[in-house]
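2 protein chains.
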Amino acid sequence: MDFKTELKQYQNQIEQELEKYVRKEACPERILNESMEYSLMAGGKRLRPILVLVTYKLFKDNYEVCMPYAVAIEMIHNFSLIHDDLPAIDNDDIRHGKLTNHKKFNEATAILAGDGLLNNSYIVISEDLLNTSNKYELEKKLKVFNEFSNAVDRMIAGEYVDTEFEGKEISSEYLEYTHKNKTAALLKLCVRMGAILAGAEEKELIKLTDYADKIGLAFQIKDDILSVEGNELITGKPVGNDEAKGKCTYVSKYGLEKSKEILEEMTKDAIEIAEGFGNKAEFLKGLANYIKDRNK
Amino acid sequence: MDFKTELKQYQNQIEQELEKYVRKEACPERILNESMEYSLMAGGKRLRPILVLVTYKLFKDNYEVCMPYAVAIEMIHNFSLIHDDLPAIDNDDIRHGKLTNHKKFNEATAILAGDGLLNNSYIVISEDLLNTSNKYELEKKLKVFNEFSNAVDRMIAGEYVDTEFEGKEISSEYLEYTHKNKTAALLKLCVRMGAILAGAEEKELIKLTDYADKIGLAFQIKDDILSVEGNELITGKPVGNDEAKGKCTYVSKYGLEKSKEILEEMTKDAIEIAEGFGNKAEFLKGLANYIKDRNK
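Those protein sequence lines, which keep their order, are chains A and B. According to the numbering used here, the residues represented by the first sequence are 313 to 608, in order. According to the numbering used here, the residues represented by the second sequence are 313 to 608, in order.
Mixed in with the good hints there might be a few duds.
Each pair of labels, with its calculated beta carbon distance range [as the list claims (entries may be wrong)]:
#, chain 1, residue 1, chain 2, residue 2, range
1, A, Pro550, B, Glu346, 28 to 36 Å
2, B, Val334, A, Lys592, 43 to 51 Å
3, A, Gly558, B, Glu573, 57 to 65 Å
4, A, Glu478, B, Glu573, 49 to 57 Å
5, A, Glu555, B, Gln328, 42 to 50 Å
6, B, Leu442, A, Gln328, 26 to 34 Å
In the DSSO-like style, the derived pairs of lysine-lysine whose C-alpha atoms are separated by at most 27 Å in a straight line are [what the hints assert, rightly or not]:
#, chain 1, residue 1, chain 2, residue 2
7, A, Lys332, B, Lys455
8, B, Lys332, B, Lys455
9, B, Lys492, A, Lys336
10, A, Lys480, B, Lys455
11, A, Lys332, A, Lys519
In silico negatives: residues of chain B with every beta carbon more than 12 Å from chain A [stated by the list, open to error]:
#, residue
12, Ile518
13, Lys519
14, Asn543
15, Tyr602
Hints in this document: simulated from the structure, not taken from any laboratory. Nothing here was measured: the structure is a model prediction, and the numbers come from that model. Virtual Cβ for every residue (Gly too), placed ideally from N, Cα, C.
Kindly produce the complete structure, drawing on both the sequences and the hints.
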């Protein structure tokens, strides 16, 4: 199967899985639930949950086991998008070509919808833990829960630093810190969750963490590049958005050409690491190229 | 020991415990950490964590076991205060006689500090789960983690409904729904956490849940009464605040006199339930009276 077809299959699977968690009851907080659904089902790329599944599949086939963690991480990702888009933070009106949550609903609803998604991710994890009777499986999942909560903590810290330094000149050290926490921590978590749940050995875990670091950086740089030269009809975000806000990005720090060089280098490194896992890692190689070549 | 002395002792213990979770490192997100500390250590009454401890003590003495859950619930409580106070939600400037988080720092920081505290509560729980090797203890804690995440979900829903219906006439059914979710769910959780962790039997759990319902309602009504006739130098909140915002409260719905009657009744009921637990429940009885008679 070619990469694009496989990607689409995974995406469909994630969509179906997420759909199960959408609440449709006629309750007084119905609109809050609609607001969570609006963002969760807005058709993102689903890269994070897919990373969990495909890393697991390097080692074992029954990847349904990690579905709750794939769902949970997509909830976290969407919580962070809703809060980042708020007027007090990034003040964005458009995301995935649609109105951002607070524009579609209102600020109060968006704040609480973000809170709800963040918290829901832990409901999902707690349900899965309650349903796990095997001691060995439970041990792995408790480790995953701990890494999960710590990665979310890093993401929030990264978002804070990103906001705090908007419009200010920052050192490459700070740029790296922001990126490492805001974006990379969660991508790294996805890969580690898949590997830990599959019972990967420590040395494999280290290699995969390294892979995640490379694609994490590549992902961020590509995002920064798209913000400058992307097609907003395709990206679904206004071009020049980062620059207008005085965001310090890889492009503003190193220029477009140098940024593209680093992107190429990171992709090459990631593919090399993936090759160490043989035929089973074809998708991980494809994913690295996809991150580099995507136009949204 | 009289109730007030014992209460003070518990409060001091909680303060000391919370202090251990305050982050002081010189990191780029230092001010975010300060903002979390500012709210967490602002000197609330610590009723929620104390409820966890004293319920546990009805059955067992080594109540240090539930300290992580006491800390986690106080983090949740403070996350909810920070977000509720935001301009887009309740728009409050003063809390505990001090500037609210977004007034002291700024809105972006307050949003992220709330997110951070919400998420930190799960870091605390995940650490405790990782450190629990006894299978029977772990089972109880997993049940607690599940109830915890669901109660937080209810709290967020309650806050949403409260915000949504601000300035509108609502039915007593809706008033009850809001209260049940926004305030009572968390108080009930505290009592249940203590009892479950101590290995209480189902019939005791039911009685204690009932106790929590009574003091939960008493707590809310007293809050509504204080918002009308409290001394703002003592409450630390402006008098007439609820009314000015068109909040639907027990006082606006039933009037001051009827509200006080319900308060008396709920307190009496709670004390009766506590009496069923004998001498060990003296503090729970004192707590019911304290909630009724407090002036802040």
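Agreement of Lys480(A) and Lys455(B) with the hint, judged by alpha carbon distance not exceeding 27 Å: Violated, at about 47 Å.
Distance restraint between Lys332(B) and Lys455(B), which requires alpha-carbon spacing of 27 Å or less: Holds: Lys332(B) and Lys455(B) sit about 25 Å apart, inside 27 Å.
Pair hint Lys492(B) and Lys336(A), alpha-carbon separation not exceeding 27 Å: The given pair, whose Cα atoms are some 21 Å apart, holds under the 27 Å limit.
12 Å cut-off, C-beta based - Tyr602(B) kept clear of every residue in chain A: 30 Å, holds
Nearest-CB test (12 Å) between chain A and Ile518(B): Nearest chain A Cβ is 21 Å from Ile518(B), so the label holds.
Hinted pair Lys332(A) and Lys455(B), Cα distance within 27 Å: 22 Å, holds
Leu442(B) paired with Gln328(A), Cβ distance criterion 26 to 34 Å: Check passed, 32 Å falls within 26 to 34 Å.
12 Å Cβ clearance of Lys519(B) from chain A: 24 Å, holds
C-beta pair Val334(B), Lys592(A): status relative to the range 43 to 51 Å that was hinted: 45 Å, holds
Asn543(B) remote from chain A - nearest C-beta pair above 12 Å: At roughly 30 Å from the nearest Cβ of chain A, Asn543(B) sits farther out than 12 Å, so the non-interface label holds.
Satisfaction of hint between Lys519(A) and Lys332(A), Cα-Cα up to 27 Å: 34 Å, violated
Assessment of proposed distance window 49 to 57 Å (beta carbons of Glu478(A), Glu573(B)): 54 Å, holds
Of the numbered hints given earlier, the model fails hints 10, 11; all others are met.
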